[in-house]
Amino acid sequence: MSANQTPPSATYESAFLKACRREPVPHTPVWFMRQAGRSLPEYRKVRAGVPMLESCMRPELVTEITLQPVRRHGVDAAIYFSDIVVPLKAIGIDLDIKPGVGPVVEKPIRTRADLAQLRDLTPEDVSYVTEAIGLLTAELGATPLIGFAGAPFTLASYLVEGGPSRTYENAKAMMYGDPELWADLLDRLADITAAFLKVQIEAGASAVQLFDSWAGALAPVDYRRSVMAASAKVLDAVAGYGVPRIHFGVGTGELLGLMGEAGADVVGVDYRVALDEAARRVGPGKALQGNLDPTVLFAGTDAVEAKTREVLETAKGLEGHIFNLGHGVMPSTDPDALTRLVEYVHTRTAR
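All residue numbers for the sequence shown refer to the numbering used here, where the first residue is 174 and numbers rise by one.
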């Protein structure tokens, strides 16, 4: 599929894509971040002995993992199984995902000379993505597939820190102390991320989500000055394809309006801000996604249903709503609780 074509008709009328377009839906669509993952025994079985990054590069394995929650939970959309550092690995950055730690970068980017590590991403670099999405769309039929990428700020945080961080001291030191280097770093990452999303859309993804996982570490003035342009560049680069663009970050209550302004069609809301308040912050013309606290799933069916009703109640006046958790599925979540949750939302919101 090339730019300016309409999305594939098989998925176009799905509840998920209708909600993204803020059109009437037969029921509130549901999918979960990290739905294909460690909470599923079938996932742990197929991933046994396979390192994370390797599992993202095996098309048959990616296909199986992506399909598992669709089969088990009956969710309204699949999310492409990947990791935010996959495009960085694909262009030759020396990194690995260490169990219990996360992505670790061998040579962090701290100087202008270090930017040379970041070459352009080509479709050939990620041919396994094209192959996997071809396999997936054939299997999924009318169920939409959401493409996946990390946003420039979050990728930059990993690259500058050298791994996960709670304080982002090195990344913020660059942002405040060498704004020109910071801007060039984010601009390069925007091009790489846009190229990665284009590969997924052209292979058949029906929507894309840009995960700015760590943007909540920023004050709005710094987000607008030092980050927003790079995210906007990514979202603008894929605008011509006509697929919905979802933008999500954690702890981003203060940034919701700006994240929508960056070019999202759908703004993901974490569990800290009620959806009606989020709608006020984002403003008209955007659908919202969210936002049940993932830990509620440990509290038993009655509590899950009560909190779900609260979320649905705050979503009543929205132009478009996609039900999701306010962050990813936790590894020790009971998969049956997720299956029941999907069924409950579908039944409760049936029009």
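Please note that a few of the clues may not be correct.
Claimed, not checked - The calculated lysine-lysine pairs, modelled on DSBU-like cross-linking and capped at a C-alpha distance of 30 Å, are:
id	residue 1	residue 2
1	Lys-271	Lys-191
2	Lys-406	Lys-371
3	Lys-480	Lys-262
4	Lys-406	Lys-191
5	Lys-262	Lys-191
6	Lys-218	Lys-271
Because the hints were derived from the structure by calculation, they are not lab data.
Structure-based check of all given hints:
1. Lys-271 - Lys-191: Measuring from Cα to Cα gives roughly 39 Å; hence the hint is violated.
2. Lys-406 - Lys-371: holds (13 Å)
3. Lys-480 - Lys-262: violated (39 Å)
4. Lys-406 - Lys-191: Satisfied, since the Cα-Cα distance of roughly 25 Å is no more than 30 Å.
5. Lys-262 - Lys-191: Roughly 34 Å between the alpha carbons, so the hint for Lys-262 and Lys-191 is violated.
6. Lys-218 - Lys-271: Distance of about 19 Å is within 30 Å: holds.
The structure fails to meet hints 1, 3 and 5 from the earlier list, while all remaining hints are met.
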